[in-house]
Each structure stands twice: as structure tokens, then as C-alpha cells.
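*Asks:* Letter by letter, the chains look like this.
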Amino acid sequence: MAHAKLNQSLPVAYSRIYSLGAARGDLTVTNDDVAGPIDSSDEWIRQRTGIITRRRASASVSLMDMAVEASNEAIKKAGIDPKEIGAVIFSTITHPHQTPSAAALLADLVGANPAPAYDISAACAGYCYGIAQADALVRAGVAKYVLVVGGEKLSDFIDPTDRTISFLLGDGAGAAIVGPSGEPGISPTVWGSDGSHWDAVGMSASLLELRDGSAQWPTLRQEGQTVFRWAVWEMAKVAQQALEVAGVKAEDLSALVTHQANIRIIDELAKQLKLPESVVVARDIVTTGNTSAASIPLAMHALLESGEVKSGGLALEIGFGAGLAFGAQVVVLP
Amino acid sequence: MALSQAEVLSGLAELVNEETGISTGDVQLDKSFSDDLDIDSISMMTIVVNAEDKFGVKIPDEEVKNLITVGDAVNFIVSANA
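Protein chains in written order, with this note's numbering: chain A, 1 to 334; chain B, 335 to 416.
Quick caveat, the hints were computed from the structure, so don't treat them as lab data. Take these hints with a grain of salt, some might be off.
Non-contacting residues of chain A with respect to chain B, defined by C-beta distances greater than 12 Å in every case (computed) [to be verified]: (1) 28; (2) 268; (3) 304.
Cross-link-like lysine-lysine pairs, in silico, BS3-like; alpha carbons within 27 Å at most [said to hold, decoys possible]: (4) A:144 <-> A:237; (5) A:274 <-> A:310; (6) A:310 <-> B:365; (7) A:249 <-> A:310; (8) A:310 <-> A:76; (9) A:76 <-> A:5; (10) A:271 <-> B:388; (11) B:392 <-> A:237; (12) A:274 <-> A:144; (13) A:144 <-> A:77; (14) A:77 <-> A:271; (15) B:365 <-> A:237; (16) B:399 <-> B:365; (17) B:392 <-> A:271; (18) A:83 <-> A:5; (19) A:271 <-> A:310; (20) A:271 <-> A:249; (21) B:392 <-> A:274; (22) A:237 <-> A:271; (23) B:399 <-> B:388; (24) A:274 <-> A:237; (25) A:5 <-> B:388; (26) A:274 <-> B:388; (27) B:365 <-> B:392.
We put the CB at the ideal spot given by N, CA and C, even for glycine.
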């Protein structure tokens, strides 16, 4: 028996990032502030990481506070009604509840209720994963506008005596509105994971170990050398693939916006890509620190605000981190 | 063709010089990368990856921590290349 013909969403040709919003932790934390417990110094931290100060949030400022601030800026700049948002995607590893999602509360707080809302756990690749999904949802006709947020309050999950990663970390949130476009605005994403290095970056213990008394409060840790090798030489290949699938060359870029992991990774990655001097390399890490999923939108927002890059230019954005997980795409700057 | 210890030492010294500016003459077999040459873990990994390219060997992450002295690295590369 013939069944009734279904309706399916009608696709739209292209999508783009309409706007960005940013919120950084309210405190400026110097290297001297964090050097003591790791028996280090301002010079040692600058030399190894490029960080001069990092932004962290006061105890009274939550991850959600920063996400709302960044989202409201992005919504306002996009000139859309939040009721038109068809999905809210929140990339974070520091939402302090296993469930419900941070995204559902965020959607309500920014006026996007009852938009579908969900979190992504892809750590420092999370923002690029979010942009990939937003692009797909918009072009599939599933959502008209998508709010993508990368946000972290990493200072809740650090050990001041840890010399592997804690002293790098900062707090903040970056938001983007993705919507339909008359011209291509987001390239195909090159993304993936490598769970064979699942232990290379992550938490020092599980919540079950904490409950059973066999571990202290879980905090972030990394195997620095393993991560460095992967982040530079493997991610250089991913960045190159992203340029290829986008159909552009390095000299076509206005900016390289990598996850702000460590200035040595950023500089070595830029060197491997043989970028011409005309390409601005984002180094927001110097004053913001490593904010995981928030770092790419924060760094891109800073470049646009300072006038170092102009709206309409092309930027290669690449996120990489715990999982290991990675994602890269070329986007038209909003 | 297998490389001699002297050839590997000379090539490795060039890589150390390129990454850190340390004079090739200071890169000697008994020198510790960390304690004597003051090479940090990130520079060490850059040297390791460049050494893989230069000598056509694989130096796994778990092996890098065992390369305390220049001699350790030279011997590993010579053996891996043999």
C-alpha cells in the first residue's frame, strides 16, 4: 500500500557566521600569581607558553554568566530576534552538572526557549565542532539560526601545583550566530578524533573515584610532549586539508585562528604552514590564557575588535585537544 | 647505509643549534639535554621530530623521556637506523 508522501526540510545553499560575542573572566591573573605553587617564575612561564596574563572569573561569576554575556552580544550584533534561533549548541567541559545540559539553560536565558539545545564535549576542538554542526543544521533547513557557544570556567578544575597545564588556563566564553547566506561562508570541516591518545589530555580522576575516596577533586592534566607533537605536526596536516577542501590557498587567508593552547604550538604550527606575512596569526593567549573551547571565538573577536582583520576576509580556524579531537574550517569573518 | 655515531652526533648538533642557538661544539655525547644544555620539553620534541625526518627513524613519545643525554639520542638513532 502506498504511504503518504512525507515532507522533508528543504536545504539552503550556503551558511555563514553572522556575528561573534565575547566574555572573559573578570580577573587578570599574572604569572607571578601562579608561579609560586609550581616553583616557577614569570620568565619561565613566558618562555614556555607566551602567556603574560590570563583571565579568570571570580567565584561569583559562573560559566553561564559568561556564556549569556557573549551570546547576548552575538545576538545583538546579528540583528536577529532570539526567538528565531533554531538550535543552541554549547561546547564546554566545565559545566558543573552531568545533566541537564548547559545549553538548555542558556537557550532560556537568552530568550531562545524552546529552541533545541545540547552540549558538545570535544574540549578544545568544541567550537569548531559546533560551527560544523551549525553549518549542517542551517544548510539542511533544520534551523534558520544557530547559536554556537564555546565556554569554560577552567579555574574550577585546576590544581595550582600542577606543572603540566593548570598555569596555562583561563576562563571565558565566545559565541557565534550562524545562519543562511547568499554566498559560501563556511567551508567543509575537516574533523575527527584519535582515541588511541585518550589519556594524553584530560581529568586526573573520574567522579566515581572521587565518590569512592580514591581520588581528590579531578583536575586537568596533560602529557605535554605528546600533545605538542600531535598539535603541531598532525594539525599542520589537518590545516592543510582544510585549505584544500575549502579551495583556497594560504595566501588567500586574512587570519589563522588556532586554538590558543600555547604560543609555541601556535608559532610552530604557523611555521609548518609556511604562511605569508600578510596572514595575521591570532595570539590572544598572551593576555587571555588557554580557554579551551572558548579560545577560538575569543581570539577571532579580538582580531576583529582591534581592526587587525576586516569583516569579509577569510580565516582558517582549527581546534584541537582532549579526545584527542580536532576540527578545522575556513570561514568568512563576520 | 647505516650512519656512524659521529655522523649522527654532527647532524643532531645542527638540529639542536637550529632550534635553540646552542653552538654545535657544545652538543657532546655526555651532555644532558635538560640539565647541561637547558633545552625545555617543547624544544626537545621539536628536535626529536626534526631528527626523525633527518635520519629516517621513528622516535616514539614514550622513548623521548629516556633520551636524557645527547649520547642516549645518538645511540637510539644509530640503532634505529641500523
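*Asks:* State for each hint whether it applies.
*Replies:* Status of the hints after comparison with the structure:
no.: 1; hint: 28; in the structure: holds, 25 Å
no.: 2; hint: 268; in the structure: violated, 7 Å
no.: 3; hint: 304; in the structure: holds, 30 Å
no.: 4; hint: A:144 <-> A:237; in the structure: violated, 33 Å
no.: 5; hint: A:274 <-> A:310; in the structure: holds, 22 Å
no.: 6; hint: A:310 <-> B:365; in the structure: violated, 50 Å
no.: 7; hint: A:249 <-> A:310; in the structure: holds, 18 Å
no.: 8; hint: A:310 <-> A:76; in the structure: holds, 19 Å
no.: 9; hint: A:76 <-> A:5; in the structure: violated, 40 Å
no.: 10; hint: A:271 <-> B:388; in the structure: holds, 18 Å
no.: 11; hint: B:392 <-> A:237; in the structure: holds, 18 Å
no.: 12; hint: A:274 <-> A:144; in the structure: violated, 38 Å
no.: 13; hint: A:144 <-> A:77; in the structure: holds, 16 Å
no.: 14; hint: A:77 <-> A:271; in the structure: violated, 34 Å
no.: 15; hint: B:365 <-> A:237; in the structure: violated, 34 Å
no.: 16; hint: B:399 <-> B:365; in the structure: holds, 15 Å
no.: 17; hint: B:392 <-> A:271; in the structure: holds, 22 Å
no.: 18; hint: A:83 <-> A:5; in the structure: violated, 30 Å
no.: 19; hint: A:271 <-> A:310; in the structure: holds, 23 Å
no.: 20; hint: A:271 <-> A:249; in the structure: holds, 15 Å
no.: 21; hint: B:392 <-> A:274; in the structure: holds, 24 Å
no.: 22; hint: A:237 <-> A:271; in the structure: holds, 12 Å
no.: 23; hint: B:399 <-> B:388; in the structure: holds, 20 Å
no.: 24; hint: A:274 <-> A:237; in the structure: holds, 12 Å
no.: 25; hint: A:5 <-> B:388; in the structure: violated, 63 Å
no.: 26; hint: A:274 <-> B:388; in the structure: holds, 19 Å
no.: 27; hint: B:365 <-> B:392; in the structure: holds, 22 Å
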